[in-house]
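Chains as they are written, first to last, in UniProt numbering: chain Z, 1 to 993; chain B, 1 to 276.
Errors might be hidden in some of the hints.
Stretch-level coverage of chain Z by chain B, calculated; a stretch enters the list once three of its residues show a Cβ under 8 Å from a Cβ in chain B [stated by the list, open to error]:
| id | segment |
| --- | --- |
| 1 | 53-65 |
| 2 | 95-107 |
| 3 | 481-489 |
| 4 | 566-579 |
| 5 | 666-676 |
Computed from the model, here is a short list of chain B residues facing chain Z with C-beta under 10 Å [said to hold, decoys possible]:
| id | residue |
| --- | --- |
| 6 | Gly12 |
| 7 | Gly14 |
| 8 | Cys17 |
| 9 | Arg19 |
| 10 | Ala39 |
| 11 | His78 |
| 12 | Asp142 |
| 13 | Pro167 |
| 14 | Gly214 |
| 15 | Glu237 |
| 16 | Tyr239 |
| 17 | His244 |
Derived by calculation from the structure, the hints in this document are not laboratory data. All figures in this text were calculated on a predicted structure; none of them were measured in a lab. C-beta: ideal position from N, C-alpha, C; glycine also.
Each chain, written out:
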Amino acid sequence: MISRIEVGLKQGVRDARGERVCREIREHLGIQLESVRTLDVYTVDAELTAEQLQKAASGPFCDPVIQEYAIDAPLASGFDLLIEVGFRPGVTDNVGRTAREAIQYIIGRPFSAAEGVFTSVQYLLRGALTATDGERIAAGFLANGLIQRWTIVTPETFDNQRGVPVQVPRVVSHSAVQVREIDLQVADEHLLQISREGMLALNLEEMKAIQAFIADPQVQQQRRSVGLGPLLTDVELEALAQTWSEHCKHKIFSACIDYEDENGRGETIDSLFKTYIVGATRAVRQAKGANDFCLSVFKDNAGVIRLTDDWSLVYKVETHNSPSALDPYGGALTGIVGVNRDPFGTGRGARLIFNTDVFCFASPFYDKPLPPRLLHPRRIFEGVVEGVEHGGNKSGIPTINGSLVFDERFAGKPLVYCGSAALMPAQLHGRPGHEKKAEVGDHILMVGGRVGKDGIHGATFSSEELHEGSPVTAVQIGDPITQRRMFDFLLVARDAGLYNAITDNGAGGLSSSVGEMAGDTGGFELHLDRAPLKYAGLQPWEILISEAQERMTLAVPPQQVERFIALARQMDVEATDLGQFTDSGYFHCLYQGRTVAWLPMEFVHEGTPQLRLPARWQPPRHSEPALTQWPAAETALLQLLGALNICSKESVVRRYDHEVQGATVLKPLTGVDNDGPADAAVVRPLFDAFVGVTAAHGICPRYSDIDTYHMMACAIDEALRNYVSVGGNIDHVAGLDNFCWCDPVESVKTPDGRYKAAQLVRANQALYDYCVAFGVPLISGKDSMKNDYQIGDTKISIPPTVLFSVIGKVDDVRRCTSMDVKAPGHRVYLLGISRAELGGSELYALLGHVGNRVPQVDAPSALRRYRTLNRAQQAQLVASCHDLSDGGLAVALAESAFAGGFGLEIDLARLRSDEPLTDMERLYGESQSRLLVTVAPDKAAEFEKLFSGQDLSWLGSVIAEPQLRVRGTAGDWLIDLPLATLKQAWQAPLKEL
Amino acid sequence: MTGQVRTLVIAGNGTNCEREVANACLLAGAEVADIVHIARLLAGEVRLDDYHFLNFAGGFLDGDDLGSAKAGVNRLQHARVAGTPETLADQIRRFVAAGKLVMGVCNGFQLMVKMGLLPALDGNIQQQTASLTFNDGGRFEDRWVYLRVDPASPCIFTRGLEGLYLPVRHGEGKFVVRDAAVLQAIEAQHLAVLQYSDERYQAPVMDYPRNPNGSVAAIAGVCDPTGRLFGLMPHPEAYVHRTHHPRWTRENDLPEEGMGLWLYQNAIRFVREQLL
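Given the sequences, and given the hints that come with them, work out the whole structure.
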C-alpha cells in the first residue's frame, strides 16, 4: 500500500526555509519571486493500517504546534507554480531512513525488504513565472539532476483531490546475478577499449601486466583446481582496477621521474613519495633522536604522534574534489564524514576531537559564461559549505580551523579538503593503541551501513578528469547518524577488546579494506553474498568495490564474534560476518559458495608496473605592474581588505559548531566583538589537564605561477607561523601534505605535462628541504592528481595547490595568545625581515599582474624566531600575536586593530630590511616568517632582550582612538582611517553568503 | 549509594554533548555522573529510578531528520524497555513525579518541549504546547549570547543568578507557542526563565544577532511550574572554565569557574538538600 503524507506549516507560521530559498533563487538565478512556501512529503510504501499511518503522520512527522498534515490529499494551494523534488532511485535518503525507523517503533515490527519510506520537498512558488522559469529554478537551484528528479505542476494541471502523483523511487533491477568472464588475449587496442568502456582507468602497460598474469600456464592450472576457468572474471578485473587505481596506488608519486632543470642538468628520481616525503620524515626523526614523538607514520589510515604519556594524537586530511564538483552538498558531506573514518579507524580506534576544512573555489560572483556541465561557483560554494556543516555539526565534532581560497581556475574543479583529528589511548589492553594486526582465523566483520551501487567506480573515477560519460553512481551521500551509531558501538567494542584490527571502507570498498588488512595474514576468504544489501540486483563485483558509506571492516577473533554481533544489535548497528582472514596467499572471493575471484595477494598489491615520467623545469617570466599603476596606500588597503582571499569568512565560520565537546579554548573568531580572524584555534581535549592541541595550515596556490618550490616553502612556513602565533610548541609539531595537481602526465590532451611534472618535483624538493630544516616530520598525506576539466576544446587546469596542515602540542592552554590588540599603550613589534617580495601577492593580483619575485623562506632564522616566540609566550610577555600573510603588513595591522577595538600608530621608517624598500613594498610585500606582536610596556625590555640579535622592529604603539595611522618614510601620513571603515570593507564581501 | 548525588546523561543516536555535560555535573560536585547509552536503558540494564538528576544533552538526535528531536521523542514514547511493558517515557514520568530534576540543553530542550515536559502548564507533562523551529535567519549559527534571568522564576537551576553569557549552537532554536494563552500563562507564572538580552542583562531583545533566532518574547529557556524541569537553547556545559569564554585572552578579571557551572551547582545543591 502506498500513501503520501504531506506536512506543512500552519497559516501564519513563518517559513524560514522558504524565505531562504526565495532569497537564493534571486541571488543565483536573478528571478524575483513574491514568496516561496515549502512542504515535506513522505511517500510511505508499507503494509500499515489507516490508524498506524495516522499515528505516524500526527506523531513523529508533524509538530502539532506549528504544522498540519494531510494523508493522500494535497495541502498545497495558492501557488503560481509547484515544484516537487525527490531523490532518484538508490540515492541515500537520510530523512527517509529516519522516517522508516520512526514508523517501526510505532508498529513494533521491522519493515520488510519490500517496504520503505521516500521523502521529497514541495516548493510552492508565487510570482510572475513562465513554464521555462520553472525548469530553470528546478534544474538551476532546487535540485541536482544527478541525484534528484522533479515534478512541475501549474494551478491548471493540479489535481485538487489527489495532489501530486505518487512516485516511488524504488530501485528496480531485472538483471540476473552473473559473473562475466573477460578474454584479455586480444590486441592492444582492444585491451585499451576494455579498460575505457569498463571505466577501469588502467593504462596499456597495466592491462598487459594483467594479460600476462592470466596467460601464465601455472596460474591457469591453479585456477582449474579452484573451479575457475582460464579467463579473468569481472570480479577479478574490477578488484585489480580498484587496487591499481591512481587513487589507491598513487602511481604518480611512485613513478620514476626523469627531471631536468633550466640549465639542462638532469636527475632521476625513483618515487617522489619515498625520496622526499618518507625521506624527510626519516631524517627528521633521526635528528630528533630521543625526542622523536612520531608513533605511526604513512602505514595506517592516519598519522599518530605522542601527546602525553597516556594519550596519542591522530590526524588525517583528505580531498573530495570530483564528487563535490558533481554534487556539492553530497560530495562535501561525504568528504567530511568519510575523513572521520580515517583517524577513527587508525590503530585499534580513536575518538574524534575536531575537524578542519579548506575550500578552493572560483568567485561566487563569477559572471562569465560557464563551460558545459560545470555548476556555478556560487552553487558549489553554498552546497559544499552546507555539506560540511551538516557532516560536522551532526557528528558532534567541532570544526575549528579552515580557509576559503579563491582563484578563477577553480571553476573547472573545486578543491574540498577535509581534515579530522582524534585522541587515542597510548596503551590499550597492554599494547600500544596505535598497533593493529589481523590474525589468521579472525573473522571479517563489516559494520555500519549496507552495500548499494553508491560510488561504484569512485576510486577509478577520481583518477579520470570529468567527461561526458561520468556515471551517476559516482556520487554518494553521507549519513552522519548511521556513522555516529557505528562509532558509539565501536568505541564500546574497542574498550571491551572485541577486535584485533579495524579499518575504513572508503575508496575501493571491501576490495581495499579487506585486501589491505589481509596483508597482515597473507590472504582472506570473503563471501560476497553474505553482505547486507540496500536493494536487490547487485552483481558480485559491485558488492566487492561498492563505496557505500558509513562502513568499517574489522578483524574479530572467532571467540568474540558472537559477543561482537550481539553488542552491535543492542546498539542498533548492523554487523555481518563475511568470512575469514587466512594465510593462503590468495585474494579469494566467493559468491554462494562458488569461487569468483582467486588472485595471488602479491600480484594484487605489488603487480602494478612503475610509471615513468619526463619532467622539465623552465622558470616562467611574468609582467610587472608599471609604477603609474600603483594605487594610493589607503585605496590599496581598503580594496585588499575586501579581496575574497582576505575578507572575513564569518558567515561561513558561524555555520560550523566550533565548540561542541567543550574543549575549544581559542576560537576561530576572536577579539572584542568575537569577529576577528584567529590565526588558529586551540582545543583542550582532556578535562583533567591543561595540555592543548592546535592545528593550522598554509596554502598559497598563487605562488605556483612563479615557482612551486617557493609555493611549497611558503605553505609550510605559513602553517608553522600560524601555529606558533597562538602558542603551539614549535618542537612538537607534525605536518601533513595534501597535493592537488593538474595532470602531469604528458599526452595529446596534456602537451605541457613535462612542465607540470617539473612543478611537482620542485614542490616535493621544497617539502623535503623545509621539513628537515624546520624539524617537522610528515605523518600522513594524500594526493589528487587529475584536477582538470576538459569537455570539447575547453580545458581548465587548477593551479598546483598544496595544503600543508600541521598539528601539535600546546604545553598549557592558559599561555595561548590571540591576534587582537589588547590595550592602549602597548608596543607594536614586527618579528622578521621585510623585503620587496610582491611576486604572486594579493596586491599584484589586484593590479592584474603576477610578477616574478616570489617570497622565499629562510628556515634557520625563522625557526630561531619561532622558538624565541614560544619562550616569550611561556613567560607571558606577549599580549597579542598575528601572522603576516596575504596583503602583508598593512592587512595584519588593520586586522589586529579592528579585532582588538583599539587604534595603532605606526612608523614605516622603523621597519627592518636588508635592502631599500618603497613604502608600498613595506606595506604590501608578502615576505614570509613575519609576525606582528604587541607587548605591554612593562614587559618590553624583557621581550626585546629575548630577541636580541634577531630581526625585530619596534613599529609604534596601540592607541585608544579607533584609528589606524601609518606614517611613511618621508614622515607623511600614508594611512589614516577609522577602524570602522576598515572593518566594514573587510566584512562586506561575503556577509550575505 | 546513600549520600551520593547521582546524575545521568543519556547518550546515543546523535547525542553529542554527553561528555561535557557529565563533566559539568562532576565539577559542580556530583559524586556520580554516568553517561549511559539509550540502548542500555532500553535493555533494562540501567534504570532512571536510580538517579536524582537527569540530563538530556545537546546534539542532533536521529539527525533532526523529522524536525529537531522529533524522532527522539517518538523513540522514548514507543520503544519498550526489555522485559517490561514500560516505555522510557513512562520511566521519565515516574522520575518527574518523584520530585527529581531534569535539564535539557539545546537538542535536549527541543526534546523536552516536544514531549510536553516543558512548559507543562498546570502540571500536564504529556501535552505539547510550545515548540522550537527554524531560526528566522534560516541557518545554523554558533555565537555567544547574553541571557537575562527572571528573578521571580520558580526555577531551581537559576536561583540567585541575574544573567548568563553562553554560546548558542543551533539551527532550530526559535521558541514559539501554540497560542497567546500559552504565552500569557508562561509569563504570568514566570516560566520564561531565560531571555536573550542586552549585555547588562537589563531587558529582553528581539533584534538579531542579540536574539539569534527570533524567539517569541526572546525566550531562551523555560521551566515547569515546579521549577524542577528546565530546558534552554544555550549551552551552559560549554562555559565551565575561564578559558571557554571567547574573550578570556583579553578580559583578565574573569573568575576561574565559568557561568554555566552555576546552573549545575544549583541542581546538585537542591539534590543534596531535598532528595538525599
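Going down the list of hints, with the structure as the test:
no., hint, verdict
1, 53-65, "holds (count 6)"
2, 95-107, "holds (count 8)"
3, 481-489, "holds (count 4)"
4, 566-579, "holds (count 3)"
5, 666-676, "holds (count 7)"
6, Gly12, "6 Å, holds"
7, Gly14, "5 Å, holds"
8, Cys17, "6 Å, holds"
9, Arg19, "7 Å, holds"
10, Ala39, "5 Å, holds"
11, His78, "4 Å, holds"
12, Asp142, "5 Å, holds"
13, Pro167, "6 Å, holds"
14, Gly214, "8 Å, holds"
15, Glu237, "6 Å, holds"
16, Tyr239, "9 Å, holds"
17, His244, "7 Å, holds"
The structure meets every hint from the earlier list without exception.
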